[in-house]
Amino acid sequence: MGRSGARAVLRLIAAQARMSALAALQYRLGFWTEGLLGALWSAIGVIPLLVATSYQETVAGWGPWELMAVTGLFMVFSGIFGALLQPALIESMEHIRRGSLDALLLRPVDALALCLTAAFSPWRLTEAAAGAALLVVALVKVGAAPDLWMIGAALVVIAAGIVGLYALGILALCASFLAMQLQNLTYLFDALLDFARWPSSVFRGPLKALFTFVVPFAVMTTMPAEALLGRLAAVDLGIAVVVAAGLLVIARRCWSASLRRYASAGG
Amino acid sequence: MRRWLAASAALWRLGIAEAVAYRTSMLVWILTTTFPLVSLALWSEIARSGGPIGAYGAPEFVAYFVGAFLVRQLTASWVVWDLERQIRLGDLNVLLMRPIHPLLHHLMQNLAALPVRLVLAAPLAIAVLIAAGGATWTQDAGALVVLPLALIGGWLLNFAVQASIACLAFWVTRSSAVYEIWAGLFMVLSGYVLPTSLLPGEVATIARALPFHAALGFPTELAVGRLTSVEAATGLAIQWGWAAAAWLGLVWAWRRGVRVYGAYGA
Amino acid sequence: MSELVVRAEGLSKRFTVAHREAGLGAAVRALFRRQTTTVEAVRGLSLSIARGERVGFLGPNGAGKTTTLKMFAGLLLPSAGSVRVGGWTPHQREREFLRSISLVVGQKRQLSWDLPAVDTFELNRVIFEIEGRIFKQRLERLVSLLAAGSIIEKPVRQLSLGERMKCELIAALLHGPQVLFLDEPTIGMDVAMQAAIRGFIRTYNEEEGATVLLTSHYMEDVAALCPRIVVIDEGRLRFDGSIEALTREISPLRRISVSAARIPAAAALAALGRVVEWSPSRVTLDVAPEAVAAVVPALLAWPESRELSVKDAPLEEVMRALFSRAKTDEEEAG
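Residue numbers (my numbering), protein chains in the order written: chain H, 1 to 267; chain Y, 268 to 533; chain S, 534 to 867.
In case anyone wonders, no lab produced these hints; they're calculated from the structure. Wrong hints could be hidden among the right ones.
Selected chain H positions facing chain Y (in silico; Cβ < 10 Å) [what the hints assert, rightly or not]:
id : residue
1  : Q56
2  : E57
3  : A132
4  : V136
5  : V137
6  : L188
7  : L192
Chain S residues, not near chain Y, derived (Cβ > 10 Å throughout) [claimed, not checked]:
id : residue
8  : L631
9  : Q643
10 : T653
Heads up, the beta-carbon is just placed ideally off N, CA and C, and yes, glycines get one too.
Could you put the whole structure together from the sequences, leaning on the hints where they help?
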C-alpha cells in the first residue's frame, strides 16, 4: 500500500467514524448503557479479586492496588475491543451473511481496512478512558514511579497487545468466511477477554501458555502492568513482540486465503 | 389443553431439529459460558497456595464451579435476543399470525435446545472434573428431590426476565441494551464468578435474596450439597417468588406491548 | 351480492416517530430531548369487500397500503374507526379468526431457514389443527399446482427467491384460509416466476372461493389478477373500481396507433390529437374519447393504412398521472 493508499484508508476511517458517531447518538439508551454502565461493569469485574485479597494479603503475588492497575489496563483493552473491533467484526460478518460483501470488495480501498473500520461504537470508549484513569490512580496508590524506560516498555507491550487483539479479530472474521455458524466467534472472543482481568500468574500450566502465546491476554494487561511496576523481564518484552508479530503474519495469511476462497466460490 | 400440548410438542420437535442444525454455533455459545471454569482455575489456585477461603478449599471450588457451569447450561435462555429482534424488525408478524401464543413458540425453542446443549457441554465438564481430580455432589435425598424444582425455577426465572426486557422493544429501540444491565449484575451477584457466600458480610445477605442468586447460585449450591434442608426450602421459596414476579411482569408487558406494536418492516 | 368479508369504517392509524435534524449538534440535543412527529399512515378509510373478490391495493411507497393490510390481519391496532374481517375484530386475534386468514409478505419468511420447508408445514399442521387426511390432500394439491415437488425437502437457505416464495405460499395456505392477504408477493422475482405466482393465486381464489387482497408495486400483478382496484395515497382512499374505470377516470385519452405508406408531418396531425410517437411509416396519437369516432376514419383514409389500434393509456402512465394529480390537489387544498 502506497502513501496515497494510506491516506485513503485514513479518510475512510474518518468518514466511517463520523457515520458511526451519528448513528450511536440516535440511540439514547446507548449513552447510558454502553458508555457509563459499560465502564462500571468493567470495573465491577475486579470484585472477585478484592474479595480474595480480603481473605489473603496478595493474590498470586499481586497486592490490591496492583490488581487495580491490571483492571485499569483491562478496561482500556475491553473499551478498545468494544468500541473499535467488535462492532466492525459484527458488521463485516453481517455483510458476509447477507452477501453484500461484494459491494464492499469493489471499493478502491484495501478490503481488510474496510472490514476493520466497517462500524464503531463511540460510547464504549468511555470505558477505555475510565480504565486509563484507574490505571493512573492505582499507580499513584502503589507509589510506583515509572521512569521513561519503563513507560516505553509498557507502551511497546500495549502496542503488541493491540496488534494481537486485531490479529485474533481478523482470524475470527476468516472463520466466518468458512462457516456462517461461526459468526458468533466474536462473542466467544468477548467472553474470553474476561480472562485478561486477572494477572496471568494466577494461571498455571497449559492455561498460562494459552493466555501468553495463543490468546495473548497476558501481553495485553499483565505485562504492561509489570512494566510500569518495574517487574517486566526483558525476555518477556521480546516474547510479547514476537507473539504479536507472529499472530499478525498468520492472520494476514488467513485473510488472503479466505478472500481467494470467497472469490473462487463466486458468492 | 390437548391442543396446547400438541402444539407444544410440534414446536419442540422443530426446535430440536433447528438446534441440531445449528450445533456448531451452539458449541461456540457454550464456550462463551465457560467463565466458571476459569473462575475455577483462579480460585482453586488461590486456595491451594494461600489456604481455604471462607468455607471453600480447592476441591470445594472445583465442585462449585463445575456445578455452576452445568446449571448455567441447563437454565440457559436467549429469548431476549430473538424476541427483541423480532419486535424491532417486524418479524414478530409471522408468530402473531399463528393461532398459538408467540411466547409459547419461544418457550419451546429454548426448551428444545437444552438436551442438545447438555450433550455438547457434558464432555467439557467431565474433562475438567478429571483434570481437577473429581468432585463431590450432594447425597442428600431431599436435596435431590428439590434440585429438579430449583432447575425449573431457575429456567423459568431466566426466561421471563429476558422476555420481559425484550418486550421493552415495543416502546424503545435496542432494549437489549437494558439486558446488559441485568447481565452485568448477574456476573457479580449470581455466584457466577465467585460463590455469593464469600461476599463481605451484609452484601452477601442481600445478594442471596436477589433474583440473580436465585437463578444460578442457589441451584448450584443445592447440587453440590452446601445447603441445609431449611436453607434449601427458603431458597426455593425465594426463587419461585422471583419467577412468579417475573412472569407477572412479562404478561403485563406483553399485553401492553402488542397494542402499540408497530409491525415495522415491509 | 354475496356477504361482506371485510368491512372497514373510518379506519385510521397514527404512528409516532422520532426524528432529528442532520448534524452532530442536533444529535447531541436529541440525547436529552427527543423530537417526535405523528405520522398519519391511514386516514378515515372506509371499504367493503365481498366474499371471493380479488382486490388489488395500489399506491406509491408509504401510501398506507401495507398499514391497512396489517390492520385487516390484526397485526396493528387501529387508532380510530373500526374493521371487521369475516365477522371478527382482527386485533383481538381470536384463534378461529387466525385459522381463517393468512398473510404472506414478500420480504418476510415464516419458514425455518436451515430446515426443509416440510418441517414448517408439519408444524403448521399441528398449530392450525389441520386434520391429517386433509393436510395430505392439500399439500399434494398445492405442491402440484406450484410445481414444487423436490424443493420442499431441501433446506430453505438453499432455495432461490422464487422457490422460497412457493414454499411460503404453501405454508400460508395449508390451513385453507378463507381470506388471503398478500403484501408484495412477487417482489424481486423474474417475470416468469411472477406470472407463475399470479396464476397460482388466481387458481386458489377460483377453486376455494377465498377472498384475496393484494398490495403490489408491479402494475401487471394487479392488472392481471384483480378485477377490482383500490388506490390509496397518503392514507386516503383515492379510487375504488375496475382497471378500465381507473384508466378512463385518470387518463380519458385513447391511444391510437396506425401504419401507413406515408405519414403526414407531425405538425399537420396536431388537429387530430397529441402526437406521442412519429416515424415516416407509423404514428401514435392520444385522442379525446369523443373525437375517436371522427379520427379513426380519417386515419383509415390514408394510403395503405393498416394495423390500426385503439387502446387505453398504459397503466404505468395512469398511475403516474394519478399520483402527481393527488399531490397537486393536496397542495391546492393546503
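Now the hints, each set against the structure:
{"no.": "1", "hint": "Q56", "in the structure": "holds (4 Å)"}
{"no.": "2", "hint": "E57", "in the structure": "holds (8 Å)"}
{"no.": "3", "hint": "A132", "in the structure": "violated (21 Å)"}
{"no.": "4", "hint": "V136", "in the structure": "violated (24 Å)"}
{"no.": "5", "hint": "V137", "in the structure": "violated (21 Å)"}
{"no.": "6", "hint": "L188", "in the structure": "holds (5 Å)"}
{"no.": "7", "hint": "L192", "in the structure": "holds (8 Å)"}
{"no.": "8", "hint": "L631", "in the structure": "violated (4 Å)"}
{"no.": "9", "hint": "Q643", "in the structure": "violated (4 Å)"}
{"no.": "10", "hint": "T653", "in the structure": "violated (7 Å)"}
In this structure, the hints that do not hold are numbers 3, 4, 5, 8, 9, 10, in rising order.
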